[in-house]
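Assemble the whole structure, with the sequences as input and the hints as a guide.
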Amino acid sequence: MQLTKAMASLSPRKRGEGALAPARKKLKVPYIFIFLCMSPWLFGILFFTAYPMITSFYQSFTKFNLIDSPEWVGLDNFHRMFFEDSDFWLALKNTVWISAISIPLRITFAMFTAWVLTKPKRGSSIYRTIFFLPSMVPTVAASMVFTYIFNPAYGPINRGLEAIGIDEPPFWFMDPKWSKWGLILLGLWGIGDTMIIYLAGLLDVPKSLYEAASLEGASPWQSFRYVTLPMMTPVIFFSFVTGVIGSFQYFTQAYVASGQVNDYSHAMYFYATHIYYTAFRAYEMGYASALAWVLLVITLICTLIILKTQKRWVHYPNGSLFK
Amino acid sequence: MQKKRLFASFAVTALVVGSLVAASSVATAATRTVTVWSPYKGGNLDMWNAAIKRIEAANPGLSVTSVGSIDMAKSLAAINAGNGPDISVSNGNGNLGWFCGSGAWQKLNVLMAGKNGLDVKKTFTASANASAISNNNRCALPLGSEVFAFYSNKDLLAKAGFKNPPKTTTELLEYSKKLTTFNADGSIKTAGFLPWAGYYGFDMDSMWLGQMFGAKWYGGDQKAAFASDARWAKAFNWQKNFIATVYGGGDFEKGSKLLTKFVAAKGGEWGTEHDFMTGRVAMKWDANWMGPMFCTGDDWAMADKCTAKYEFEISGFPVSPELVSTNYGSGVVGQAQMGISKGSKNVKDAWIVMKALATDTKLASAWDSANGAPSSLLSKDARPAKYPAWYQPIYDVVEHPKSAYHIVKNTGEHLEEALLQNLMASWQAGDTPNLKTALADLATKVNQIVARNN
Numbered sequence: 000m001q002l003t004k005a006m007a008s009l010s011p012r013k014r015g016e017g018a019l020a021p022a023r024k025k026l027k028v029p030y031i032f033i034f035l036c037m038s039p040w041l042f043g044i045l046f047f048t049a050y051p052m053i054t055s056f057y058q059s060f061t062k063f064n065l066i067d068s069p070e071w072v073g074l075d076n077f078h079r080m081f082f083e084d085s086d087f088w089l090a091l092k093n094t095v096w097i098s099a100i101s102i103p104l105r106i107t108f109a110m111f112t113a114w115v116l117t118k119p120k121r122g123s124s125i126y127r128t129i130f131f132l133p134s135m136v137p138t139v140a141a142s143m144v145f146t147y148i149f150n151p152a153y154g155p156i157n158r159g160l161e162a163i164g165i166d167e168p169p170f171w172f173m174d175p176k177w178s179k180w181g182l183i184l185l186g187l188w189g190i191g192d193t194m195i196i197y198l199a200g201l202l203d204v205p206k207s208l209y210e211a212a213s214l215e216g217a218s219p220w221q222s223f224r225y226v227t228l229p230m231m232t233p234v235i236f237f238s239f240v241t242g243v244i245g246s247f248q249y250f251t252q253a254y255v256a257s258g259q260v261n262d263y264s265h266a267m268y269f270y271a272t273h274i275y276y277t278a279f280r281a282y283e284m285g286y287a288s289a290l291a292w293v294l295l296v297i298t299l300i301c302t303l304i305i306l307k308t309q310k311r312w313v314h315y316p317n318g319s320l321f322k
Numbered sequence: 000m001q002k003k004r005l006f007a008s009f010a011v012t013a014l015v016v017g018s019l020v021a022a023s024s025v026a027t028a029a030t031r032t033v034t035v036w037s038p039y040k041g042g043n044l045d046m047w048n049a050a051i052k053r054i055e056a057a058n059p060g061l062s063v064t065s066v067g068s069i070d071m072a073k074s075l076a077a078i079n080a081g082n083g084p085d086i087s088v089s090n091g092n093g094n095l096g097w098f099c100g101s102g103a104w105q106k107l108n109v110l111m112a113g114k115n116g117l118d119v120k121k122t123f124t125a126s127a128n129a130s131a132i133s134n135n136n137r138c139a140l141p142l143g144s145e146v147f148a149f150y151s152n153k154d155l156l157a158k159a160g161f162k163n164p165p166k167t168t169t170e171l172l173e174y175s176k177k178l179t180t181f182n183a184d185g186s187i188k189t190a191g192f193l194p195w196a197g198y199y200g201f202d203m204d205s206m207w208l209g210q211m212f213g214a215k216w217y218g219g220d221q222k223a224a225f226a227s228d229a230r231w232a233k234a235f236n237w238q239k240n241f242i243a244t245v246y247g248g249g250d251f252e253k254g255s256k257l258l259t260k261f262v263a264a265k266g267g268e269w270g271t272e273h274d275f276m277t278g279r280v281a282m283k284w285d286a287n288w289m290g291p292m293f294c295t296g297d298d299w300a301m302a303d304k305c306t307a308k309y310e311f312e313i314s315g316f317p318v319s320p321e322l323v324s325t326n327y328g329s330g331v332v333g334q335a336q337m338g339i340s341k342g343s344k345n346v347k348d349a350w351i352v353m354k355a356l357a358t359d360t361k362l363a364s365a366w367d368s369a370n371g372a373p374s375s376l377l378s379k380d381a382r383p384a385k386y387p388a389w390y391q392p393i394y395d396v397v398e399h400p401k402s403a404y405h406i407v408k409n410t411g412e413h414l415e416e417a418l419l420q421n422l423m424a425s426w427q428a429g430d431t432p433n434l435k436t437a438l439a440d441l442a443t444k445v446n447q448i449v450a451r452n453n
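Line by line, the protein sequences are chains U and Y.
Residue 39 in numbering that gives the first Met the number 0 sits at position 40 of the first sequence, and the numbers go up by one each step.
Residue 386 in numbering that gives the first Met the number 0 sits at position 387 of the second sequence, and the numbers go up by one each step.
Hints in this document: simulated from the structure, not taken from any laboratory.
Fair warning: there could be bad hints in the mix.
[Claimed, not checked] Derived Cβ-Cβ restraints for the label pairs, each shown as a range: (1) U:Ile-33 - Y:Gly-60: 52 to 60 angstroms; (2) U:Glu-167 - Y:Ser-378: 57 to 65 angstroms; (3) Y:Glu-310 - U:Gly-258: 30 to 38 angstroms; (4) Y:Thr-32 - U:Gly-258: 39 to 47 angstroms; (5) Y:Ala-264 - U:Thr-54: 42 to 50 angstroms; (6) Y:Asp-118 - U:Thr-54: 40 to 48 angstroms; (7) U:Val-144 - Y:Ser-378: 47 to 55 angstroms; (8) Y:Asn-136 - U:Trp-71: 19 to 27 angstroms; (9) Y:Thr-443 - U:Arg-158: 39 to 47 angstroms; (10) U:Thr-54 - Y:Thr-32: 29 to 37 angstroms; (11) Y:Ala-76 - U:His-78: 23 to 31 angstroms; (12) U:Trp-71 - Y:Asp-380: 50 to 58 angstroms.
Glycine included, every Cβ here is placed at the ideal spot set by N, Cα and C.
As structure tokens, then:
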């Protein structure tokens with residue numbers, strides 16, 4: 000308050016005085032008008048978010064087959080999930096696997112690609128477009144193309160591997176040991192959207208910091224380790240959080256790829272797939288709702304842990320938003 | 000004068016009452032509306048709607064609204080929301096357990112025994128009657144059949160010295176050994192037969208494998224019989240031996256790997272690139288509706304004379320040798336099904352319409368002519384006036400007493416079929432070390448699903 004007063008006393012003009020600063024008139028807008036402007040959003044959040052969430056929360060404590068009215072079963076669905084449903088644990092294991100492998104790989108690959116793209120002196124926008132384009136391909140189409148590329152009989156990947164002397168290349172999506180790696184490669188191919196964020200982050204690092212490091216005699220590795228990396232931690236943090244949320248909802252690529260081959264061992268059976276099959280093939284809406292709520296809780300816990308730890312490793316030049 | 004007035008007032012009253020009665024009857028007629036949702040479109044929907052017109056003509060005052068191109072998921076959602084049709088149609092048996100078990104379709108027992116009832120035993124084939132029942136409840140009436148039979152390439156078989164299709168699983172193995180050829184690099188060039196989950200078969204290869212060995216899906220106690228019926232283990236062991244002997248030269252792992260690669264290179268299912276049409280495979284299980292394509296290539300219409308590269312023959316599945324006398328000639332036969340939705344406000348009229356549709360011989364024969372889908376009706380009038388000679392074996396398979404679809408129970412969207420298929424796929428890849436335990440686990444899982452859904 001004192002500071003404000005002090006600033007005001009220093010000010011050459013008082014409020015409403017100068018010709019260039021006319022007094023602001025307080026707009027009198029009726030509340031009903033504000034409400035009407037907000038109503039499309041309010042309608043959306045009430046009917047398409049809040050209502051389904053509340054309904055699914057209620058249904059998670061019921062047995063509901065879509066035809067009969069939901070029947071209250073208390074915590075039975077959760078008991079079944081943790082103690083009777085082996086598919087739940089398999090799907091969770093697969094989801095944790097894909098998260099643990101794909102998130103670090105995506106971060107590393109996106110940052111490396113972005114770093115490479117900062118180097119060309121000419122035609123950088125063309126290279127950036129080329130690397131960004133795959134992320135614009137619809138996921139279903141990309142997944143279909145990858146099942147073709149990785150086809151063990153006529154796919155170009157295996158043909159290439161055979162040409163360089165690998166006699167028995169993997170069967171990729173047709174082999175439970177390799178199918179998840181196929182999905183990882185598919186994910187890395189479509190890294191463009193994440194790469195663009197890293198590119199913006201890298202271009203935003205002040206040159207003066209590199210100059211200072213250079214004057215101090217820092218090697219390229221030390222420049223990266225002590226300048227680039229700390230300055231990029233907010234971007235890494237962002238892609239880490241969104242990566243965790245996204246990977247726990249991993250569905251489309253696995254669904255399409257497993258539909259093209261016979262995923263008998265459920266190597267490509269992820270948590271979201273389990274929810275889908277429970278809801279729309281077994282028609283157990285109550286149990287599927289319980290699975291969805293547990294997924295929300297798992298994702299929330301993971302996100303909170305990352306948020307808690309970010310103070311230790313994320314460097315905000317202008318201070319953190321998460322205090 | 001007074002008499003005249005009295006007469007006039009009577010006349011006016013009678014006129015008014017008469018008009019009111021007429022108006023009310025018109026109103027009643029207007030309320031007699033039945034809605035039918037079906038997945039049919041194009042020419043099939045036209046045939047269906049023509050049958051509906053005949054029903055309306057035979058039942059004055061009854062109006063039937065027919066809506067085509069509606070799949071079962073949409074029907075289910077509408078039934079759930081309380082605005083479903085009076086009658087809905089499913090293209091196959093798979094969903095029957097779910098629709099009957101969940102109550103989406105009403106039980107028909109009372110309607111069938113009523114005044115305007117239906118003696119199903121005298122009306123439909125035995126397999127059609129059996130397959131319209133789930134959990135001992137009849138909630139559906141069958142329409143045209145879907146037949147899964149055995150297709151063999153006559154030219155390739157003749158070249159190998161075989162005059163007839165194999166009758167037993169032992170013969171099938173011998174035929175396949177002779178018909179299979181390998182490339183110089185050891186990969187399979189042409190295959191005799193593939194007892195393989197995922198080779199054009201959707202989730203049904205395991206069902207067909209079981210049928211060859213007469214394996215039962217559920218026992219007398221209504222529990223899943225995958226472990227208790229030894230024929231399942233026999234079928235899977237036969238499959239493993241087949242892969243090892245025909246493709247691996249005695250080495251199962253080698254045969255399995257070669258077949259995985261062979262299947263990965265299969266031609267497109269819908270056209271002349273299909274392996275059976277190119278001669279890449281000599282024998283296979285398949286559906287009746289693939290016959291017209293195997294006959295003419297791209298043309299789906301039923302043709303009298305086949306124009307494809309190879310001549311083929313349709314027969315019943317080869318069966319386990321001890322079953323030849325009783326089971327040879329049979330196949331897997333299912334039907335399109337229709338039922339009256341839960342919440343139908345006009346059950347009585349819905350039954351009239353559904354019964355008429357199911358027993359309409361004109362519709363059945365026209366449908367059969369166009370689609371090659373044999374009717375479920377016993378009446379000979381339900382047969383088309385003329386059909387190609389090469390297609391006759393499909394009718395023989397339908398009429399075989401051992402032809403059937405497996406018993407369906409409420410497992411959601413026929414999950415037991417998918418689970419069995421997964422086991423078959425895992426087994427053929429060598430990833431199931433203990434078949435006995437795997438079959439027992441499968442039975443337990445299916446029993447759990449059925450128990451939960453009831």
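Now the hints, each set against the structure:
1. Roughly 57 angstroms separates the CB atoms of Ile-33 (chain U) and Gly-60 (chain Y), a value that falls within the hinted 52 to 60 angstroms.
2. Take Glu-167 (chain U) and Ser-378 (chain Y): their Cβ atoms lie about 59 angstroms apart, and the range 57 to 65 angstroms holds.
3. At roughly 34 angstroms, the beta-carbon separation of Glu-310 (chain Y) and Gly-258 (chain U) lies within the given 30 to 38 angstroms, and the hint holds.
4. At about 40 angstroms, the CB distance of Thr-32 (chain Y) to Gly-258 (chain U) agrees with the hint of 39 to 47 angstroms.
5. For the pair Ala-264 (chain Y) and Thr-54 (chain U), the beta carbons lie near 48 angstroms from each other, so the given range of 42 to 50 angstroms is met.
6. Roughly 46 angstroms separates the CB atoms of Asp-118 (chain Y) and Thr-54 (chain U), a value that falls within the hinted 40 to 48 angstroms.
7. Against the hinted window of 47 to 55 angstroms, the Cβ-Cβ separation of Val-144 (chain U) and Ser-378 (chain Y) comes to about 52 angstroms, which satisfies the hint.
8. For Asn-136 (chain Y) paired with Trp-71 (chain U), a C-beta distance near 26 angstroms keeps the hint of 19 to 27 angstroms intact.
9. Checked against the given bound of 39 to 47 angstroms, the beta carbons of Thr-443 (chain Y) and Arg-158 (chain U), roughly 44 angstroms apart, stay inside it.
10. Hint check: Thr-54 (chain U) to Thr-32 (chain Y), Cβ distance near 32 angstroms, so the stated range 29 to 37 angstroms holds.
11. A beta carbon spacing of about 29 angstroms between Ala-76 (chain Y) and His-78 (chain U) agrees with the range 23 to 31 angstroms that was offered as a hint.
12. Between Trp-71 (chain U) and Asp-380 (chain Y) the C-beta distance comes to about 53 angstroms, which sits within the given range of 50 to 58 angstroms.
Of the numbered hints listed earlier, not one is contradicted by the structure.
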